[in-house]
Amino acid sequence: MRINKKFFLIAAISIFILSVLLSGCLAILRTFGKNHLQNKAGAPSGPIKYQDTFYEYNENIITFLIMGIDKGKETFEPWEAEMDNSGNGQADALFLAVLNTEDYTIKVIGINRNTMTDIYFCDNTDGPVPTFFSQIALQHAYGKDGTVGCEYQLKTVQNLFYGIPIHGYAAINVDAVPTINDMVGGVDVDVLEDVTLYDASLIEGNHVHLMGESAYWYVKYRNIDQFASVDMRANRQSQYLNGFIDAAKQSVKENPFLVFQLYKKIMPQMDTDISTTEAVYLASVLPQYHFDADSFYSIPGKTIMGEKYEEFYPDEDALLMLILDIFYREVSES
Amino acid sequence: MENVNHFYARMLLLLFLIFGITGCGQNSKKETAIATESAADSQIDFAALKEENPDIFAWLYIPDTQIDCPVLQDSQTDDFYSSHNAFREDDSCGAAYIELANVANMCDFNTVLHGNAPRKPDSRNAGSYPFSDLYRFSDPVFFDEHENLFLYLDGNALTYKVFAAYERDNTSLIRDYDFTCTTGCLLFLNDLYSTRNLSMNLRDGWSFITPYHFLITLTAHKEEDPNRQFVVVAVLTRDEAGTISRVVEE
Numbered sequence: 001m002r003i004n005k006k007f008f009l010i011a012a013i014s015i016f017i018l019s020v021l022l023s024g025c026l027a028i029l030r031t032f033g034k035n036h037l038q039n040k041a042g043a044p045s046g047p048i049k050y051q052d053t054f055y056e057y058n059e060n061i062i063t064f065l066i067m068g069i070d071k072g073k074e075t076f077e078p079w080e081a082e083m084d085n086s087g088n089g090q091a092d093a094l095f096l097a098v099l100n101t102e103d104y105t106i107k108v109i110g111i112n113r114n115t116m117t118d119i120y121f122c123d124n125t126d127g128p129v130p131t132f133f134s135q136i137a138l139q140h141a142y143g144k145d146g147t148v149g150c151e152y153q154l155k156t157v158q159n160l161f162y163g164i165p166i167h168g169y170a171a172i173n174v175d176a177v178p179t180i181n182d183m184v185g186g187v188d189v190d191v192l193e194d195v196t197l198y199d200a201s202l203i204e205g206n207h208v209h210l211m212g213e214s215a216y217w218y219v220k221y222r223n224i225d226q227f228a229s230v231d232m233r234a235n236r237q238s239q240y241l242n243g244f245i246d247a248a249k250q251s252v253k254e255n256p257f258l259v260f261q262l263y264k265k266i267m268p269q270m271d272t273d274i275s276t277t278e279a280v281y282l283a284s285v286l287p288q289y290h291f292d293a294d295s296f297y298s299i300p301g302k303t304i305m306g307e308k309y310e311e312f313y314p315d316e317d318a319l320l321m322l323i324l325d326i327f328y329r330e331v332s333e334s
Numbered sequence: 001m002e003n004v005n006h007f008y009a010r011m012l013l014l015l016f017l018i019f020g021i022t023g024c025g026q027n028s029k030k031e032t033a034i035a036t037e038s039a040a041d042s043q044i045d046f047a048a049l050k051e052e053n054p055d056i057f058a059w060l061y062i063p064d065t066q067i068d069c070p071v072l073q074d075s076q077t078d079d080f081y082s083s084h085n086a087f088r089e090d091d092s093c094g095a096a097y098i099e100l101a102n103v104a105n106m107c108d109f110n111t112v113l114h115g116n117a118p119r120k121p122d123s124r125n126a127g128s129y130p131f132s133d134l135y136r137f138s139d140p141v142f143f144d145e146h147e148n149l150f151l152y153l154d155g156n157a158l159t160y161k162v163f164a165a166y167e168r169d170n171t172s173l174i175r176d177y178d179f180t181c182t183t184g185c186l187l188f189l190n191d192l193y194s195t196r197n198l199s200m201n202l203r204d205g206w207s208f209i210t211p212y213h214f215l216i217t218l219t220a221h222k223e224e225d226p227n228r229q230f231v232v233v234a235v236l237t238r239d240e241a242g243t244i245s246r247v248v249e250e
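These protein sequence lines map, in sequence, to chains P and Y.
Position 237, counted from 1, in the first sequence is what the numbering used here calls 237; the numbers after and before it change by one each time, with no gaps.
Position 100, counted from 1, in the second sequence is what the numbering used here calls 100; the numbers after and before it change by one each time, with no gaps.
One side only, chain Y facing chain P, incomplete, derived with CB under 7 Å:
1) Asp-139
2) Pro-140
3) Arg-196
4) Asp-225
5) Arg-228
The set of hints was computed from the structure by calculation and includes no laboratory data.
Beta carbons: idealized from backbone N, C-alpha and C, even for Gly.
Could you build all of it, start to finish, from the sequences and the hints given here?
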């Protein structure tokens with residue numbers, strides 16, 4: 001009897017010490033991961049002045065560029081398929097995920113894939129990398145490999161957003177969508193646009209629990225014969241992402257190791273500069289973050305028919321206000 | 001006990017070597033022309049400066065800042081003065097300098113001056129860094145209120161108007177652009193004016209710079225962000241001796 005008491009006492013103390021150590025390790029990993037991420041991209045120096053108001057960059061913000069890479073040429077315009085010689089694929093879905101470590105909010109900014117901007121192309125000569133004016137989604141195809149494509153894409157998006165720091169990127173092949181989707185148990189959507197050409201269950205207006213290939217076609221489908229079909233797909237992708245984050249948060253509560261399992265499983269289909277330490281930090285804090293349908297933003301602007309193809313021109317004033325609203329805070333004086 | 005004393009003595013010696021030899025601003029000689037000269041009185045004694053170091057070819061002065069220092073060019077190495085002070089001593093603070101690709105007569109389209117800046121502007125030895133105050137131009141109010149910088153040459157005094165201050169990738173401007181030809185100058189100007197950066201300060205009314213102007217660009221970078229550099233670009237507005245000229249190649 002005395003032995004039992006002693007045994008339980010030792011066990012209880014051991015468990016207590018272990019849990020303290022574990023909490024300590026987790027706290028260290030969190031701090032380390034957070035600092036590591038924040039140091040990855042330097043914050044802009046000093047305050048800025050816009051229309052007689054002073055702002056300063058909010059250093060509590062960590063921003064990631066999420067790219068959905070499409071290598072399948074069935075949804076490309078013929079000229080796009082021709083230009084994608086590298087085989088890197090195009091960034092058909094582009095989002096900035098903005099985490100505020102102070103108020104625990106996530107904001108997602110969708111970037112129209114036809115946004116016209118200067119894009120870089122590697123010509124293997126010294127000096128600045130030359131640019132040409134084209135659709136932003138093509139940028140990823142212009143790196144000599146996938147990683148350089150991602151780095152160029154990050155620079156292009158950073159340039160579009162007036163130099164805001166971007167702390168990491170993840171380029172995920174759309175082929176990985178069924179795997180990711182199913183690992184969080186599927187995603188519920190009210191179908192916004194008929195996709196029955198590829199999946200009979202995707203009838204406009206129906207409430208569907210997307211699993212496997214249905215999720216893939218729902219986020220990938222685009223009718224290239226229809227004007228502004230990119231905008232319609234972007235709406236579906238935003239809607240899907242919203243549902244996905246909800247499902248992921250729920251699944252992480254039930255299985256704390258889900259992020260690691262997901263990370264491991266999609267690694268072959270993902271190009272990222274987010275390290276394991278940083279992923280540990282993100283996995284540990286994400287469940288605390290608040291996110292809902294109002295957390296989505298898109299850049300106001302206009303899609304026009306260019307000489308041959310669609311071109312999206314952002315409303316620069318509205319874009320600036322969006323950037324100031326999300327990434328900066330007003331300060332009383334310089 | 002003796003071993004312990006030896007250990008401490010060795011540690012002290014090591015600290016002395018680390019901070020004494022490779023530290024910042026540790027070796028400046030107090031009573032020399034280099035250490036005592038200032039352009040606050042609009043006079044620079046180049047004879048005395050060159051006697052102490054013939055690499056000194058100019059003196060840079062920006063009012064209301066600690067930037068009041070010699071500008072040097074080593075005859076052998078581009079970045080010698082990034083790790084040596086104006087006395088040619090090892091010093092991590094370095095000195096203000098130009099690379100070999102620029103000519104020291106200030107007649108190039110763009111003369112690029114480099115200088116180190118401290119990790120934090122309020123650090124103890126911040127004043128020992130030649131460009132400790134350069135980042136002040138990132139403040140829109142400071143930028144608005146400080147239009148001019150001055151460069152003294154032996155027998156001339158040049159006034160420049162600061163028209164741009166911004167961050168860019170930490171690459172070499174001299175190698176990125178060929179400032180000896182019109183195309184390279186135009187490419188630089190085009191990149192400058194098309195920069196999309198909210199932190200960029202650009203002076204109103206100064207968007208007309210052409211390859212026929214004479215620019216000076218001051219560059220510095222923070223240790224914590226080695227991928228970015230801060231640049232302050234200014235254009236020549238006054239040449240007291242009237243010696244600044246060049247033939248522009250089309």
